[in-house]
Amino acid sequence: MPTNFTVVPVNDGRKSSQEDIDDNNVLREEDEETVGDGNPREHSPFINNTDDIKGSLYDGKNMALFEEEMDSNPMVSSLLNKLANYTNLTQGVREHEEADEDEGAKKKTVKSPQMGTFIGVYLPCLQNILGVILFLRMTWIVGTSGILESFIIVSMCCSCTMLTAISMSAIATNGVVPAGGSYYMISRSLGPEFGGAVGLCFYLGTTFAGAMYILGTIEILLTYIVPSAAIFKVEEKEYEADAMLNNMRVYGTCCLALMALVVFVGVKYVNKLALVFLACVVLSILSIYAGVIKTIFEPPVFPVCLLGNRTLQNHDFDKCLKTEIIDNVTMTTKLWSLFCKGPELNASCNEYFTINNVTEIQGIPGLTSGVISENMWGSYGPAGMLVEKPLPSVVAVDSSQDMYMPYVVNDITTFFTLLVGIYFPSVTGIMAGSNRSGDLRDAQRSIPIGTILAIATTTIIYLSCVVLFGACIEGVVLRDKFGDSVKGNLVIGTLSWPSPWVIVIGSFFSCCGAGLQSLTGAPRLLQAIARDGIVPFLEVFGHGKANGEPTWALLLTALICESGILIASLDAVAPILSMFFLMCYLFVNLACALQTLLRTPNWRPRFKYYHWALSFLGMSLCLALMFISSWYYALVAMLIAGCIYKYIEYRGAEKEWGDGIRGVSLNAARFALIRLEEAPPHTKNWRPQLLVLLNLDSELSVRHPRLLSFTTQLKAGKGLTIVGSVLEGTYLTKEAEAKRAEQNIKSAMTAEKTKGFCHVVVSSNLRDGISHLVQSAGLGGMKHNSVLMAWPGNWKQSNDPQSWKSFIETIRETTAAHQALLVAKNVDSFPHQERLTEGTIDVWWIVHDGGMLMLLPFLLRQHKVWRKCKMRIFTVAQMDDNSIQMKKDLQMFLYHLRLNAEVEVVEMHDSDISAFTYEKTLVMEQRSQMLKQMQLSRTEREREAQLIHDRNTASHATLNDKADATPSRVHMTWTKEKFFTERNRNREPFANMAIRDLFNMKPEWESLNQSNVRCMHTAVKLNEVVVNKSQGAHLVLLNMPGPPRNRGGDENYMEFLEVMMEGLNRVLLVRGGGREVITIYS
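Position one of the sequence shown corresponds to residue 1 (my numbering), numbered consecutively onward.
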């Protein structure tokens, strides 16, 4: 489990008492220097931790050049001093014991860890690897699958753990590993998502391992030590299995409760008994080898009774005879009464019993007997299959009663893959050394050596046991799972020396110890995950007793363990925990392979005997073993891990652990960016990659958050979105504000569900800053191709002309950069998350500039907000256009584009320019002229403005007298009422004649710039038809005309756009980027 870094004070005889106090303060404040995940900040304890030495080491003049930065960058001497005094103390059992003994007191000075490789890694791994499967199932696996296939099973599983140990050694020696074991290594190597998912899988595996060990304990107790203690007893043979399972459930539950109580009272008792349990394992192994050697000279006597070629359960009879002669009288034996209806010689007997003879063979013929050749091949079969020796026998016609006879039979259906799943738990436990890394004197040296040696030792033990069991024990006895043929003895016990009870008692205590250690380790693993804060709903399990004991985690562990005990079958539980351990080992290999292939700068393991190919092979072997053992369990385990991964990704706390998956993302991104830059995207792949230009208010908050909402609706999470903003000033003075602005923008993006990147630029002026964003935002081929911004609605009221000038320059720069431009008017009235009722999105397709106008409504309608809106496309026909043919062609074009839209062709007839247009142009030019006089004094500006105002008043009074119009005052900016009054007046009969007469009477109009007059005429006429057709539309998309080449007409351009959009609520001006973005081809 993760540990905190601790700075331990070292008194070298030169410190003052005050310095000792300061160092102790560092020790006491260590908990305060950790972040929410329970792990130290990256700067602690070596960087940014100079308070205790500030002011004493930097008084000299030699380092004056660096003294201003010494608060954050300490001198090398102080860094080395702290490194020398650093140690990673164990955060496990010892801490809890100290808290028990001295609650609330000052933390004791803890001695440095002194465990070496043998005691700290080798023996714990040996104890965890060797266990219940070796004692209870190994002989049965050898007998069922044969020596060759058993050799393959053992070799595969041990190769898997050896490759995993090599990967684990590389990770464990890549820096200081706190006591967190596999969870810590995986989570810090692969990130919080993988770490949490695999950590929880490892936790479930450890918990189910506890259930398996408890079931093994109860099986030994009820089958081999005190069979009479069984609560559920039956006379009928067919119900024996069910009764045994019920006994396992009852006794297993009691045993679990007792073990959980021991763990709750104090894990120090478990730790003190560990040596006893280890001694039991070692003595049991030694007794097996001693027994094998003894069989060479004097095989033990364990007779096995065969009827024909069938093995008999040797419980209820003492002599392997049908009849015997006592005092010259032929008498039947107990065996006779098991197969016949009475003890009489003429009683009716089972047909097979009658026609076959009884023979007795030795169950342990010995190492030199040659039985190895018979046991070389497997003997798989269904449940209920008789265990038979390959001998000649007479087959009975009626075999219906065989199931009621005392034969040894298969209790489950056997096949190769099942045996792999049952055997694999016997090679787990390789993490025991890394879990104790906090107790080791030199973890980076001890973990690789101790773990690999332990795996090598156990591999030799397992492989030799496969051969020795097959060479010493009769095949029918090997396939007899519970030893029924040898009077209910543990089969492996029959081989041991000096007595079978050595193995029975040894395996019993070994299983007890393993179960206790599982119940000790699993809650701490869960507590470590909970304290990391990556799975929010598990945080309650991070709490415990005052001394840190994980009480709630122990309770959950006991409940999950109980579910395994209710399964009640060791053979059914073993494949479950195999899945979880295999998944954990798979990700250890993946972590090592990724770090090696990515050549991460921090990847510098001291253990050099690793290679990415070995890790990849180990990962592949783990995956293969998962599906070989049980493909459906494998899928369930992967589904559980996947769900946890997605949950942490969606809801979990954000962590940055410098993980390898981030490195994969960076490499994948780099590769993709290089590929993208090779060629521009095809028209079929084109989608708007947006640069959204935001304005910030004086509080650095987003002024138009609905622009982000619109971005989300347009993008639907696809493609690239860069949200940019500009602060005026210099970066040195505005750095803090820039970061605050970036944080505010990110918060707004989160609130509006906008997925993308944020970029705040500090520039000397707004125009240059926007220019920098347009030019340089993005990276490589992942650059924006469209710019989205809000229409500057208050440009007329602004005293600073730079706002609208920057707007126009942005239009010019996007055009020069061949980027599309989208300008949203009244963006604050755009919909947020509420779905629009049925309405329309109206597209006014006036000029073709790449098809953006067609594509944008289609993209919008993919989002739920706009989904119910219909798309209408309007195009404008001139006098010489065939409007009917235009409509047909447009409908066919939309059909080929696969777009559903209503089509309408609006005819705009040539008409004389109205007085309203002339007046609008006149006011525009006069206002422009007035603003050009801004260099004059305030008095002169006011006088000039008054003069213009008076001239306007006089000219409009004359116009109103001649044309009988109602307005009696002049507006510098025309109001909506003025606009509609003038437009309706122009529709009156003979209006054109009246205008021509007026023209002859107004010499001011003749001096107007005729280009401006024509542009204003276009804007007015276009606005007239758009308002007439689309005033009720939810959104109107218009072609955006380009700015004038002559910058002197910029303000007029703004006026033209304003007139064109007047009277419309939501408008999106669209300007293409100079390339086709939509195609009719597949």
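Rather than coming from a laboratory, the hints here were simulated on the basis of the structure. All figures in this text were calculated on a predicted structure; none of them were measured in a lab. Careful, some of the hints might be misleading.
Between beta-carbon pairs, the in silico distance windows are [as the list claims (entries may be wrong)]:
{"no.": "1", "residue 1": "Leu897", "residue 2": "Trp631", "range": "28 to 36 Å"}
{"no.": "2", "residue 1": "His848", "residue 2": "Gln1031", "range": "24 to 32 Å"}
{"no.": "3", "residue 1": "Phe297", "residue 2": "Tyr609", "range": "52 to 60 Å"}
{"no.": "4", "residue 1": "His832", "residue 2": "Leu897", "range": "27 to 35 Å"}
{"no.": "5", "residue 1": "Val847", "residue 2": "Phe537", "range": "51 to 59 Å"}
{"no.": "6", "residue 1": "Tyr895", "residue 2": "Trp631", "range": "45 to 53 Å"}
{"no.": "7", "residue 1": "Val636", "residue 2": "Ala347", "range": "31 to 39 Å"}
Yeah, the Cβ is synthetic: ideal placement off N, Cα and C, and Gly gets one too.
Each hint, compared with the structure:
no., hint, verdict
1, Leu897 to Trp631: 28 to 36 Å, "47 Å, violated"
2, His848 to Gln1031: 24 to 32 Å, "25 Å, holds"
3, Phe297 to Tyr609: 52 to 60 Å, "43 Å, violated"
4, His832 to Leu897: 27 to 35 Å, "30 Å, holds"
5, Val847 to Phe537: 51 to 59 Å, "57 Å, holds"
6, Tyr895 to Trp631: 45 to 53 Å, "49 Å, holds"
7, Val636 to Ala347: 31 to 39 Å, "54 Å, violated"
The structure does not agree with the numbered hints 1, 3 and 7 stated previously, though it agrees with the rest.
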